[in-house]
Amino acid sequence: MTSYRYIGRRVPRIDARDKVTGRTVYSTDRYSENMLRARVLRSSLPHAKIIRLDVSRARELPGVEAVLTHEDIPGHNGFGIVTPNWPVLCVDRVRYRGDALALVAARDEETAEEALSLIEVEYEPLPIIETPEEALREDAPLIHEGGNIQHSMDIPPKGDVEKGLAESDIVIEETYSTQFMEHAYLETEGGVAIYDEEEGVITVWCGDQYAFRDQLQIARSLDWDPLKIRVIGSPTGGAFGGKDEISVQIHLALLAYYTKKPVRLHWSREESIVAGPKRHAMKTTFRIGMGNDGKLKAIDVKVVANTGAYDTIAGPVLNLSLESSPGPYKYPQSRFRGISVYTNNAMGGEFRGFGAAQVVFGLEQELDKLAERLGMDPIEFRLLNAVEEGDISALGHRLQTSVGIKETLEAARKTDLWRDREKIKRDLNAAARYKKFGVGVASEWHAVGLGVGLPDFSNIIVEIHEGGEIILRTGAIEIGQGNLTAYAQMLAEALGCDIEKIKVIHGDTFESPDSGTVTASRSILINGNAILDAVKTLQPKLIEIAADKFGIPGDELEYSDGRVSFRSDPDRTLTLAELADHAGSSGVPIKVTGTAVFATSDKDFGDGLPHNYYTYITQIALVGVDTGTGEVEVLKVISLPEMGKAINVDGVEGQCEGAVVMGQGYTLYENVVVEKGEFKTTGFATYILPTALDVPEQETVIVEKFEKSGPFGAKGVGEAPTVPVTPAIVNAIYDAVRVRFKKLPITPEAVLEKMRDLAGTEER
Amino acid sequence: MEEITVQFMLNGKAVRVETPPAFTLLRLLRERLGLTGTKPGCERGECGACTVLLDGEPVNSCLILAPQVEGREVLTIEGLADGDKLNPIQEAFIEKSAVQCGYCIPGMIMSATALLDTNPEPSRDEIKTAISGNLCRCTGYTKIIRAIEVAAERIRKR
Ligand code: FES
Ligand code: FES
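Line order of the protein sequences matches chains A and B. So the working numbering is basically just the index in the first sequence, starting at one, shifted up by 25. So the working numbering is basically just the index in the second sequence, starting at one, shifted up by 745.
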């Protein structure tokens, strides 16, 4: 075992001190003297033609500096990560309640608000399509000219699934449905923009996930040179996938351009819920066949996604649903089909888990049912079918990177909670007779990286300045997960220097290089590899500088632990500070770049499918169900992730703990309720998040494996722990009260109803 | 609208500031006094990100109108450290990795401060109750609760 100074340890975050003192400046914390306040006029109908849009009265209001409509957009009136069909400002049609029609900038909030009320809009209502079923009807009105199917995917089948099912001893079939989920980052979408007329530069500060893509999207709509648009996207007050797409950026840039004054736009909580993207609502149908020996034989999956009004990144989300749907198990025959359908409901988009949470909720219940049919232990059953490195996956590609699903299951089996579960449940029940207790388990594989065929790269820069300060420049955004600290750890370890010497400049299109987006659990692996690449270039360079200083050939010197020393006399050394001073005095600062590109799978099904790296994870949940009220209490969750090597143990635990509670919310409370296109949940009084009083005790058991192509053996862990926690809780509820759920969230009413139904059948 | 003047104690110092009478304390702090450590997360009293102490009591500053603080004492996140020396709660939050995106953290720390000021030996349940009005979407609260426990121990030992 290599022993490391920073890697694999508990390292305090480099940004924590500023965060606990309130000194961190988020983009929504920026104010200045003459800063205008902006507001967006949103559609008051979910689906309608715009007959008339009159902003003249608003423009006349004293204190109003600009009122903009689609006519004021110099470039493309649309944005979207994949297909830019989401209007910046609507022209003649609105397709959901969050659609933007006009922008106002005024001297203060109150004036901006008043100006909004002076804008006159006349609509002609159109029929409201709430669900894919309605959208797919022959006579359904078309939400977009090309039809109501946004995307469809049919992965080339593996073998003959019908034959596989026919030859199975046991075949089960079930359909599961899931709700729209809100990201609910504590910092809602917002930021500030300034137009520097002299330089021709528009600067936008906006907490995001990928400043360089925002830069291009802004440039496209303003018809502006992207190099004259500066986006500063870091730090972000929470993102979870919801800030990868454009929110305020283009609106801010437009207003700054027209007013030539600093402008501030910060969405209200209600606006964030109504206008921003959500986790897609989906319906998933499984048909799974198994032999009497417990071996899975065939899986047939169909997914229908409710994607809302526009594309953003819905295609890839659906694709990942399909890729995630078989789980990390072997099936000789398989088929995966899905469609994503436009509606006038909430906007579906990117959300931590990226299509996986919806399908794994169903799959892992199906597997529990199959295990039960054979009287097998659920962990044994999963172990029997789990994949290993080198295996062919359910999709047909070879698993050529580390596969730790079996190790996570083995480790799960050894936990006290699993081993002693019957006794634990009995003891709990003895103390609370009106409750029933259950333990459930579930697993997942979660793709890491964007996938084959997509631009999955990173660039970073390392500089050493006089005095020995080391600067790491990365376009990566700190969205809260602690990636900056992990980068600093990796650089300090590779250079053999103190982490305190490292300063990270991040997420700024003018001050840092393009490191790709912070999404898809990708940023540790790809930026780590880019850092190691930079260090590889840096070391010979440092030796060269030392050789110049000492006036001897480079091969008489060597680099280790932050210094260059004589091979013949290890006590004669030059430190990084001395090397930088020497380089500085000769006018050549020390600066190197590092790059990395994701290795891809041996198959290519198009649109990023399939992936080459996966996080593997098993989670166990202990729940108590109040048989009188139907309330479910999650008492304990153990997460056992395999993400290669853990770079920061606290970071991995933190990701798991936060993800588990997010998954708990998804399972039990959270639901963006939209009826006839109108949002019924508009804040945290109606959209219920778990509080400190609701959360389980948590334990994280890191199951390490070494991934040879990852930095220090690491992959990524940001998303996986929010996925199987849902079926683990649901399986635990079943263990407690013998009822299963095909729909989320599982409210106390739903539990009571199912229990009543069960009692009814038992009596009969 | 006509602005009014309010005077109060802010982080131990007397301040006098002009404000529109309809401004909330949250907006006054952020937009007039430059103290942006106090965060807006909902501006409807539903998230706790804007928590400050008013005469020692934790309040949602988005629900307090600026004129209401006249003559009273307001403590914000910026008032906790003594120069470069952090208070034990801040230290414990760093040490126990209780911080992720950080946006909820000032409000969390203010609620924890109010708790430990009045109850130096809180049970885990009392800690959970004290921060139950502070939503955090990143951490799952586990490390935050642990950090408050550690801070409480340290304060008691002093
Ligand atoms: S901003 Fe005050 S409680 Fe949310
Ligand atoms: S740390 Fe992000 S909301 Fe709490």
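Accuracy of the hints is not assured; some may be wrong.
Unchecked claim - Calculated cross-link-like contacts (lysine-lysine; reagent style DSS-like; alpha-carbon spacing at most 27 Å):
| # | chain 1 | residue 1 | chain 2 | residue 2 |
| --- | --- | --- | --- | --- |
| 1 | B | 873 | A | 461 |
| 2 | A | 450 | B | 830 |
| 3 | B | 830 | B | 758 |
| 4 | A | 661 | A | 779 |
| 5 | A | 460 | B | 873 |
| 6 | A | 188 | A | 308 |
| 7 | A | 286 | A | 308 |
| 8 | A | 661 | A | 439 |
| 9 | A | 528 | B | 873 |
| 10 | A | 320 | A | 448 |
| 11 | A | 394 | A | 768 |
| 12 | B | 830 | A | 526 |
| 13 | A | 448 | A | 460 |
| 14 | A | 394 | A | 286 |
| 15 | A | 327 | A | 768 |
| 16 | B | 873 | A | 661 |
If you're looking for bench data, these hints aren't it; they were derived computationally from the structure.
Okay, the hints, checked on the actual structure:
Note on residue 873(B) and residue 461(A): the hinted pairing holds, with a Cα-Cα distance of about 24 Å set against a maximum of 27 Å. About 47 Å separates the Cα atoms of residue 450(A) and residue 830(B), which puts this hinted pair outside 27 Å; it is violated. For the proposed pair residue 830(B) and residue 758(B), the alpha carbon gap of about 18 Å is at most 27 Å, so the pair holds. Using a Cα cut-off of 27 Å, the hinted pair residue 661(A) and residue 779(A) holds, with the two alpha carbons roughly 24 Å apart.
Between residue 460(A) and residue 873(B) the alpha-carbon distance is near 22 Å, which keeps this suggested pair within the 27 Å criterion. Proposed proximity of residue 188(A) and residue 308(A) is supported: the alpha carbons are some 25 Å apart, at most 27 Å. At roughly 47 Å between alpha-carbon atoms, residue 286(A) and residue 308(A) are farther apart than 27 Å, so this suggested pair is violated. Restraint check: the Cα-Cα separation between residue 661(A) and residue 439(A) comes to about 16 Å, which is no more than 27 Å; the hinted pair holds.
Proximity of residue 528(A) to residue 873(B) is assessed by CA-CA distance (about 35 Å); at most 27 Å being required, the pair is judged violated. With a CA separation close to 30 Å, the supplied pair residue 320(A) and residue 448(A) exceeds the 27 Å bound. Our distance criterion of 27 Å between C-alpha atoms is met by residue 394(A) and residue 768(A), whose separation comes to about 16 Å. Annotation: proposed proximity of residue 830(B) to residue 526(A) holds, straight-line Cα distance about 21 Å (limit 27 Å).
For the proposed pair residue 448(A) and residue 460(A), the alpha carbon gap of about 15 Å is at most 27 Å, so the pair holds. For a cut-off of 27 Å, the pair hint linking residue 394(A) to residue 286(A) is broken: about 62 Å separates their Cα positions. For a cut-off of 27 Å, the pair hint linking residue 327(A) to residue 768(A) stands: about 16 Å separates their Cα positions. Restraint check: the Cα-Cα separation between residue 873(B) and residue 661(A) comes to about 16 Å, which is no more than 27 Å; the hinted pair holds.
When held up to the earlier numbered hints, the structure conflicts with 2, 7, 9, 10 and 14 and fits the remainder.
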